Structures are given as structure tokens and as C-alpha cells.
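S.K.: Chain A is fixed; fit chains B and C onto it per the hints.
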Amino acid sequence: MTVERNYDREFVRTFFTSPTAVEGEDDSAKMLESAAGLRGMQAPDVWVPDNEDATAPSMREEGVENIISVVGEHGDEFPGEIHPRIVWHRDDPTTRHTGFEHMMAIADPEDGAGEQIDGFVVPEVGDLDDWKKADEFLTIVETEHGLPEGSLSMSVIVESAAAEIGLNRLREEVGKPSNNLERLFLLVDGEVDYTKDMRAMTPTGGLPEWQTLRHNTSRGASAAGLVAVDGPYDDIRDVAGYRERMRENRAMGMTGIWSLTPGQVATANTAPLPPEEGSWLLEAGGESVELDRVDGREVYHGDAVGLTETADGFELTVDGRTETLDADELRERLVGMTEYVPSLDDVVDSMEEFEAAKEAGKGAIAMTRAATLEIDGVTVEISTDRMWDEATYQAAQTPILLFQDVYEHRQDQHAELADTYGEDVVERAAEVGN
Amino acid sequence: MTVERNYDREFVRTFFTSPTAVEGEDDSAKMLESAAGLRGMQAPDVWVPDNEDATAPSMREEGVENIISVVGEHGDEFPGEIHPRIVWHRDDPTTRHTGFEHMMAIADPEDGAGEQIDGFVVPEVGDLDDWKKADEFLTIVETEHGLPEGSLSMSVIVESAAAEIGLNRLREEVGKPSNNLERLFLLVDGEVDYTKDMRAMTPTGGLPEWQTLRHNTSRGASAAGLVAVDGPYDDIRDVAGYRERMRENRAMGMTGIWSLTPGQVATANTAPLPPEEGSWLLEAGGESVELDRVDGREVYHGDAVGLTETADGFELTVDGRTETLDADELRERLVGMTEYVPSLDDVVDSMEEFEAAKEAGKGAIAMTRAATLEIDGVTVEISTDRMWDEATYQAAQTPILLFQDVYEHRQDQHAELADTYGEDVVERAAEVGN
Amino acid sequence: MTVERNYDREFVRTFFTSPTAVEGEDDSAKMLESAAGLRGMQAPDVWVPDNEDATAPSMREEGVENIISVVGEHGDEFPGEIHPRIVWHRDDPTTRHTGFEHMMAIADPEDGAGEQIDGFVVPEVGDLDDWKKADEFLTIVETEHGLPEGSLSMSVIVESAAAEIGLNRLREEVGKPSNNLERLFLLVDGEVDYTKDMRAMTPTGGLPEWQTLRHNTSRGASAAGLVAVDGPYDDIRDVAGYRERMRENRAMGMTGIWSLTPGQVATANTAPLPPEEGSWLLEAGGESVELDRVDGREVYHGDAVGLTETADGFELTVDGRTETLDADELRERLVGMTEYVPSLDDVVDSMEEFEAAKEAGKGAIAMTRAATLEIDGVTVEISTDRMWDEATYQAAQTPILLFQDVYEHRQDQHAELADTYGEDVVERAAEVGN
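Chains as they are written, first to last, in the working numbering: chain A, 1 to 434; chain B, 435 to 868; chain C, 869 to 1302.
Everything labelled a hint here was simulated from the structure, so no lab data went into it. Remember, predicted model here, so these are calculated numbers, not experimental data. Where a beta carbon is used, it is the ideal one built from N, C-alpha and C, also for glycine. Be aware that a few hints might be false.
[As the list claims (entries may be wrong)] Sample of chain A residues facing chain B (criterion: CB under 8 Å; computed from the structure):
#1 Asp53
#2 Ala56
#3 Asp127
#4 Ala162
#5 Glu164
#6 Ile165
#7 Gly175
#8 Asn179
#9 Asp193
#10 Asp197
#11 Met198
#12 Thr202
#13 Thr212
[Unchecked claim] Computed far set for chain A versus chain B, every beta-carbon distance over 12 Å:
#14 Tyr194
#15 Asp295
#16 Gly433
Extracted from the complex, chain A is given alone in its bound form (with noise of 0.2 Å):
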């Protein structure tokens, strides 16, 4: 039996966490009813109006009011999935019996946010007999209101040892008849918490990068069937580095990440999805440098390659060391150097190509792909050729599925997405491989 992903979404680029209950304000709400507004590329995949660290302990009663009357009211017509975080540890069993009063209150679908939500959010699971725990008391709550057993979704923060080394097992324990563990949705890191429980120091305070962590959190997502989502990117101000740890973080097969700001939450929608235009790269000095497109020319502006053309060939420097080559020599070792990075309808007019070639009964056809160089004042037109077969084909495919996915379920970012790609791109990206 292949894995099964149980809810809607395949993809989940952005979870959006909301307090839900500032004090000293005179509406508590107000955070909560300001992220229900929130519509098109601002408004998150997952939105998680968060009764455990955004919020105060001694505001979390009022914050479950306030989510079952903001959730109640607005959840409807909110774009995203609606998933609350509740309290939780695996060491303190008071705090489980108020998450689990809290699940209840929440989920009741008369006097509750009922239908609206989605699943719950529970962090600082333990191991999987923790997450048995949690899953239980969601049992109970669906069946105590009524609700099919596995209707609510259940996300856990993987933010202890014991959780990531859970992760290994949970693919066989899910389908276990005493459990309902197919419930399971997202897997979310939760760095800051991983760091004391791991008691990992650095010198200034701020947080290792847990590329360890990431990649386990991801192949237990992939192996389950489950969505794998980053913690939280505190330096609200630094879009640069949240892009650059979103670039890795897609490299291993996580695709979502948790948002703190609208403008976190519009960066991050965003991120994921194949550029509006193409451009290539030039690798040079230990860095990949994107070549700037100037009347149809990709010229290089840096300094750690320069090209002359002489009598005899060309003298091509690279990091210091030059090299005298001729016309095709040279072509072949700009060919080395250089990487395209396609735009949706790059990679779009690729996967036509390529299904019309195994229509007519080609397993693997080359893709060509031109371009003219400019360094130093010298132009060079080189030539790449891709050999695409079945593999290549559906390892592409990612981000397409990604895209449509998004298409599918987000209605109101359709009109964002035509702005930016042109209508035309948007609909063939919406059919390609169906």
C-alpha cells in the first residue's frame, strides 16, 4: 500500500502563529481578529492561533474564549487550514489534562469554533507514546462531540530528542489498530526548545542550525506521508537570511516554514514557487553569482573571473589562475561554470516537451538551453544540453505539484499569481502533467 497523505493540502509552505489573548489591551482578540482578516499571499496555509508560548499562562483561559469566538465567527471565510496550538509536555501531566480540556472546549461544535478548526497543534511531544497520549484525548473529543474518529488532524513540535528519535518509528505505528494516528499532519521543528533540551550552547545565545534535526524531521515526514515544517526565524528584519534558510530547508525536503508577521507570511508563500523569469548563474570564487539579463546578453559584473580575447584564442582568469583556450575550449569550461535557473513557465514548457516526447515513444530526449555571455566585454554563446528521462521528469516535477496545490486550495491568491506569472503561465502550470 503506497503512503496515503490523509488532509487536503500536500504542501503547506506557511504556519502563522497568533497569540490568542494580549493583556492590557481592551480587546484581548484583537491579534486573533487581525490574522482572521489576513487574505491572499499574507494570509498563511496554516494558521495557528497559539494558546501556549505566544500567549501568557495567565491569559490562556480567556485565549480558548477567544479562539472559539474569533475562530467561530471569521473561521469560515478564513483562506487557510485553522489548526490552534494547545498546551502540552510529555513531563507534566497537569499541563496534558488542561490541553486536553482545552481540545474539548475548542472542538465542541455547538457551544466550540467547532467545524472551523482544522486539527490541533501539540508541542513538546516525547517520544511516540507521548504522541499516543495526545492522539487519545483527540479520540475522546470526536467522539464525545460527535465527530468521526481521525477527523481532527493532529501537528506536533518536534522539539525534544526523544521526539526526533520518535520520528524513525512512526511510519509503523501509524495504522496500528489502538491508535488513530492517521491523523497525524504536520511535523514542525521547534528549535528553541530543542536547543535547552538538548543543553547546546553557543557563545552569543543564538541558535545552532540543527541541520541534523531538519533532515531527520523531514524523511519522517516523507516516510509517513506528512508535511515537514521549519521553526520559527526570529530576526524579523533579516528577509535575506529567512529566503537563504528557506532555500536550504527546501533542499531537504521541507517545504514549510513557521511565519511570525504578515510579511513573513507573504515571503514565505512566495518562496517556494519557481521565479517569474530565469536566470543563470556563474560560479566563480566559491560562489554562485547571478548574471545580470542586459539585451538579451547575461553579463558578469564580478571580480573573480576575467576574459580577454587575443590573436591566438582566449585568456580566461579564474580565482587568480589563467588559462589560454580556444573558441571551444572555452565554451566547454563557461558551459562548467554556468547553471540555469528556470521560471515557471521554463519548467512548465519542459514537462510539455518531455510528455509529448513519451507520447510518441521516447523514454529520453536532451534539453537545450542558449544563452550569450558577456564578461569583461567578450560575448560567448554557449549551449547546454539536459538529458530528461522518467526520473529527471518527476523529480521536476515538485515544484509543480507544489504550485497546483497551491492553485487548488488558495482561490484567493489566484489573482497574485496571474499579476505575477501572467495568466497564460498560471493555467498551463495548473494542467501540466494531469
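M.R.: Structure of chains B and C alone, referenced to chain A:
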């Protein structure tokens, strides 16, 4: 039930091995005797009379006698714990039998070193079933000598792939009725033999970094309430390299490291404690440079950043790119490029401030830190805010918990701590959070 | 019981795939035939007639026939092992059934290629229960064809998260009474399909590095007595990149790699063997530079290090910082900056020397290596000591064990080895340690 640490020391900074019997000396126990006399920062948290690799096979029976006599005589005054390493091998029953006999002899309260022994270090373990064999021998040793089950601790050297994989299941095996694995204390990486077991090769014969092994060991320790320790750093003269290795380790939650000399012990006992004075870092050119404090200014002496004041504002050059900025933009840019490394005094201050705020009913407060930067003779006042909430507080607490563990168990280091930090800071650090 | 390797080859350098049937050629078995004729360094340790991804789905029945005829005819003289890859998918029973039928046909000792087949390669496996299905089919194939159980080996392509997680339990599943997983031989990473399974994305569509996957595969192989092999390196012209990838792999204990052409086979057969000549490295400016040997001096030609002799001593400039040193300080500084890459001859010398010392009753000896460095025309004599004990000896032995495995099983490479290293060195390397 919370994961409980079963031993006195919650942190171990240093794991110092001494040969138990050296051939060709008048007194084969010479190295043991000089180690037994170490005090203060030169004395390790855990002292390991090493009857395995550090001692020639032909000298190991004599090594057992030497442990009994030297530890028996001087163990009582030794300021750290004492954990002899005995012989063991997952693939060799004869070696395991010898290890058993050595433990029986050493732990004898009448003819052995008995009460001075805190536990044993077992090298070359395989999967958990192999760990259980060593545990069973310890149970028998305890019973024969009239000691309570579990009173001798067991530390293992993780130096095989099987042992690394076993770390995943440690948490669930500890506490099963047929073993006494609650006696586990340290998980120590042994990179030389691990490299051999993995059949890894490098051109120079140097050891690979084995970052994933270290992450997994630290994670296994965290999940099972144990302490993770890194293996030996062979290049004794390379103090900077040793410090850098420890810095990496702490960022993974591995607080301890093997030490081969009293000099390495002193370095490794000091490294995990917060510095005596705080300092500012400026990040540029791909690295963090510590600024020099001169008359209250933080002065940058590198080449990667340049700053000039112009009629219109400022020109800031970073890694070869120049931007024109007004005073506010400059400040914001520099705040983004700087980081502060807090001193012990700073950490204690912040924690006390947060505790006071919490008592006054506040869940989160902003901690402000100001400095006068000087770049190319131009001075700029900057000030950074960092939000502290309960999670920040608890994560910041790790170095203080370590400090307090040292303070409680290492009376012999009090004078040196007071010399470094001042009595007042030491006393406040010993109290904060309690 | 020690982990036993169940197969002849303890090391596999090369895993070379050939399409089994190419469409539109006069002779669809052309590629198989030319592969069957490879000898010496161009012939792989493991040859994989690839009836999966390298062969169009419509050609796979013909592929089976081609394997039977070409391997049946030429397999006997082929110098490497022969392991066809059949079709398989964890999510598709039809594909698995086809894979079973293909194995039955190919392994037939009368109408198939029978005795020439060493085993099969099974792609797209999931968790261990899926591996067991393939194992069970092989057991049936063996029984039907009158072969002993376990006589056909099984290698798997690790290209799903579930398979990666399964590696953790391999050691304990092998040897259970209801399976014949002792037949396992190679664990081969398949990064293209793994990327798809993990839903990972990169801007250019290039493959992520997947270092944690490679570590885990190597570790799983080590724990279960198997051999780890890395996946294909697509950029056939990038020989330097291929070599660098193998260098990284060896530092993780992954000695083998996929090869797509006889040229890659020759590169990958040679790369793990120690070099013909030793060389010195100088570390500066964040990289290691190999020094040029000129008339017995080791000459540095880079810019990161400068040296001048003054009236008082020496001025050494490293990465822009100048220090004034006397002759002894200079020597110590340079010893810290240099490393030696030993040749095969050097490794054999050191091992012989240590063996002689051990026979004379010494547990550890210092190995001295001296050189004359030249920087900016100034020469400096340096000499480094390295302590060798039993553990150093055994870790250093890995490249020699690999050499001996090659020497024993690849008679067809003896002439090339003698050409490279000289007969004398080859013979001593073949004997040392036995």
C-alpha cells in the same frame, strides 16, 4: 515521568585518561600517581585510569594492581569522579571475560579500590545487547561485593556503527525489568576506532569530523538523561583547534571532551564557562571578528568593512560593496552585523532581571544592550533589543546550570573561579534561578 | 559473534550500469556486449546489466533475453561480479511480480544465465518488510532452480526515506529465522529518486548533497557487514568533481560509487588506492595546497603564505598577518601548518615498521617524516613525529585491506598496478599484515 539523571554530575567537562602501568619505569604506577595529585582547573571532572588502549596489553594485570593501590590510597581526596576503563570487545568473549574479572577485582571493597570507584568505562561496545552484557557483569560485581544494584555507574565508548545505531533505542531499553541500564552515565565518542569500524579513509590519515556521530551521541544522551563526551584531540599543541572543536560540540549539546594532558584538562574545564568579559562581534567577509574595547569604544581593525562620514551621511563598505546611508540606516545596518557575547556577569544580570519581571507578572521583556562602535575612526552608537520570554530564559540557563554544577561539586575550583570572575559574580551565579 | 561479510569482495570500488536493450539499434544488446568485454582498470568490480531505469519500459522483456545471452556467453571471463538490476517498486505489486519473473528467468541455470549471475540489484525498496519480499522471491528462485538458499546475493538501491530509516534495523533483522537477508551485499544510494521521494527542490534542479543519507547508508553497511556505494555522478566530463565526491565518500566509509562510463570506472577504480608518490600539503587561506617537489625541496607557490629571513630571525605572513619568529618557532609553526599524504610505499613501510616494533614488544612507536620546505625562496627543514599504536595501525590498514582485496580478486588489474607502483611495492602491499 521525567527523564531523571541518576548521577551527581549533570555536566561533565573533562574526561582525563591515564595509563595504569607504564613499562620500563621504576614505578609503573607513576602516571596514575601524578594524575591522582591533580587539583583545581587541572583536575578533571571524570578521571579515567585507562587499563585499555593507553596501557600495553602485557601490563594490564599490573595495571589492575596499580589502580587498586593508587586509587585506594588517594581516591578519597581526589576532587573529581573516578571511572577506570577496563578491556571489552563486542566481538571477543575472552576480552569481555577479562574485563569482568578486572571490574570484580577493582571494585572489591576489601582487597580492591572499592568505595573510591564511581563506575567503569566500557570501550568497544556493539549494539544494546552487548551493552547489557557489561551491565549484567556489573550487577554480578555489585551483588558479590554486597553493593546495591546500580550503585556502580557504566559509561561506554561509542566507537562502532552498531553502538551509534543503538543510541536510538537507549531511552526505551533503560528501565526494562531485566537490566540495570539506569546505571549509564557517559556516552563517549571514540573517533579513532569508529573510523576503523566504518572503514573510512582520508588522504593524510587524519580523522574525519564525524559530525553526524556527535549529533547522534548528544541526542541519545539527551533522550536518556545521560552526558555526552567527545573523543580525544590528538594534537596537544593545537589549543586553538581544541577550543574550536569544543565550541562546535557545545552547539550540539555535547558539553564534555576527552583530555590527554593536565593542560588539556585546564583548557577544557574553562572553555564551557561564560567569559569573564563580554565582547562584540562584527560579521563581515564571511567571518565574525571580535572588536577591541578601547576607552569604552568597540573598535574594528579589519579590512572587510570601511566607513566614512560625508556631507550627506555615511558611506559603508562591506565586502567591497559601498552603500550611502543616513545615520538611522547606518545604525540599523550595523545592528544587523553585530552580535554580543555575554559575560557570566551579563548572563546573571539578564536572568535576574527576567525573574524580577516575571514576579511582577510580565511574560516577556526587552533586554537592551548598547555600544559605541568605531570603524575607520568614525564612531556610531548602537543599541539592540532582545525579547526574553520563558523559553529564552530557559535556553540561556544552560551555561548557568553548568556553572552551578561545577560550583557544587568542585570546591577545589572555587578559588580559581573567584580569581577569574570576582567573588560577587561567582556567588550570584551560584544562586540565580534557585 | 563478529559481523561476517558473506561475500568474496570486502570492498567494491565501482558499480557500472549498462542498458540491457537499446531501441532502434541493429543489435539491441550492443551496450551489454561492449561492457562484457571490459578488462583491467576499465572493468568494474560490480557490473550491473540494468533492466530498470537505463532501459526503456518497452524493451525490458528483450532486456531479459539479452542478459541471458550476453552474460551466459561472456560472463565466465568477465573479471568483476555480475549483478543485474531488475524492476521493483515498494508501491506497485505488478512491478514486483514482473521483477520476480525476470529474476526467475535470468537465474535459470539451464535456459538462463544461471551460474554467471552473482546476485540481483533491487531498486525502489521501501521499509525492511519490503526488502523481505524481494528476499523471499530470491529464496523461491533459488529453490526452484536447485540452488542453496542465500547463494544469490541481493543489493538494494536506497532511494526512499523508508529505506533510509530501515538501515537502522538491518543488523537485527539479518539472521532472523524467517528470512534470508544474509544474502545482502551492497547498499547503493539513489539520489535522483530519493530527492523525489523527499520532495526536495533546488533552484537549478541540481541534486542536493544528501550527506546525512550517505552517512546513514555507510553506517548501516558497517553495522551489518555490507558494502556502501554512492549513486551516479551525472556530469561525466567533470572528473575533478567526481574525484572530490569520492574523497568525501571515503571519509564517511563509503568506498564505492556508481559509474556511468568506462572512463568513470577507470577513475573510480583508481581513486581509493593510495597515490604512487607522497606529497606535502600546506594549509593556508582556508584551503590545503599541495607543494611542488623540486630537487628534493617542497616548494610553495601560493599567495596566502609569505616568508622572509631578517637579521633577527624570520617574518612569516599567513592570511595577511605577519609574525616575527626565531628558527625553532618557525619550524614549529610550519609543522602545524603542513600535512603529509603518504604513498602506497609509505603506508607499507610504516606498517612493516610498526609490526617489527610490536614483535620486539613495543606497543607504540614514533614515525618521523622530514622535509625541506621552500617559501619565497627561504628553505626550512621540518620534521614531524606521529605516534603509532595498535589503533593507529588498524585505522591505517583500511587502504591496504582495500588494495589486498583488489589484488586478490582482480588479476586483470595486476599489470596496471605494477606499472603504477612498481612490482616490488605491489608485492609488499599484497603481503603486509598477513
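S.K.: Against chain B, with CB atoms and a cut of 8 Å, does the hint on Asp53 of chain A hold up?
M.R.: Holds, because the Cβ-Cβ distance from Asp53 of chain A to chain B comes to roughly 6 Å (cut-off 8 Å).
S.K.: Does the interface hint hold: is Ile165 of chain A within less than 8 Å of chain B, judged Cβ to Cβ?
M.R.: Because about 5 Å separates Ile165 of chain A from the closest Cβ in chain B, which is inside the 8 Å limit, the hint holds.
S.K.: Holds or violated: the hint that Ala56 of chain A contacts chain B, with Cβ atoms closer than 8 Å.
M.R.: Since the shortest Cβ distance to chain B is 4 Å, the answer is holds.
S.K.: Against chain B, does Asp295 of chain A keep a CB gap of more than 12 Å to every residue?
M.R.: At about 25 Å from chain B, Asp295 of chain A clears the 12 Å cut-off, so the statement holds.
S.K.: Restraint: Ala162 of chain A near chain B, CB-CB cut 8 Å. Satisfied or not?
M.R.: holds (5 Å)
S.K.: According to the definition I'm using, a residue is off the interface if its beta carbon is farther than 12 Å from all beta carbons of the partner; does Gly433 of chain A meet that for chain B?
M.R.: holds (36 Å)
S.K.: Using 8 Å as the Cβ threshold, decide whether Met198 of chain A counts as touching chain B.
M.R.: Given a least distance of 3 Å, the restraint on Met198 of chain A holds.
S.K.: Over 12 Å from every CB of chain B: does Tyr194 of chain A meet that, or does the non-interface label fail?
M.R.: With a cut-off of 12 Å, Tyr194 of chain A comes too close to chain B, as the shortest Cβ separation is near 9 Å.
S.K.: Given Asp197 of chain A as an interface hint, is its Cβ closer than 8 Å to any Cβ of chain B?
M.R.: holds (6 Å)
S.K.: Checking hints one by one. Is Asp127 of chain A an interface residue toward chain B, by the C-beta closer than 8 Å rule?
M.R.: This interface hint holds because 6 Å falls under the 8 Å limit.
S.K.: Tell me if Gly175 of chain A is really an interface residue toward chain B, meaning its C-beta lies closer than 8 Å to one of theirs.
M.R.: violated (20 Å)
S.K.: Have a go at the Asp193 of chain A hint: is there a Cβ in chain B nearer than 8 Å to its own Cβ?
M.R.: With a minimum Cβ separation of about 6 Å from chain B (threshold 8 Å), the hint on Asp193 of chain A holds.
The structure fails to meet hints 7, 8 and 14 from the earlier list, while all remaining hints are met.
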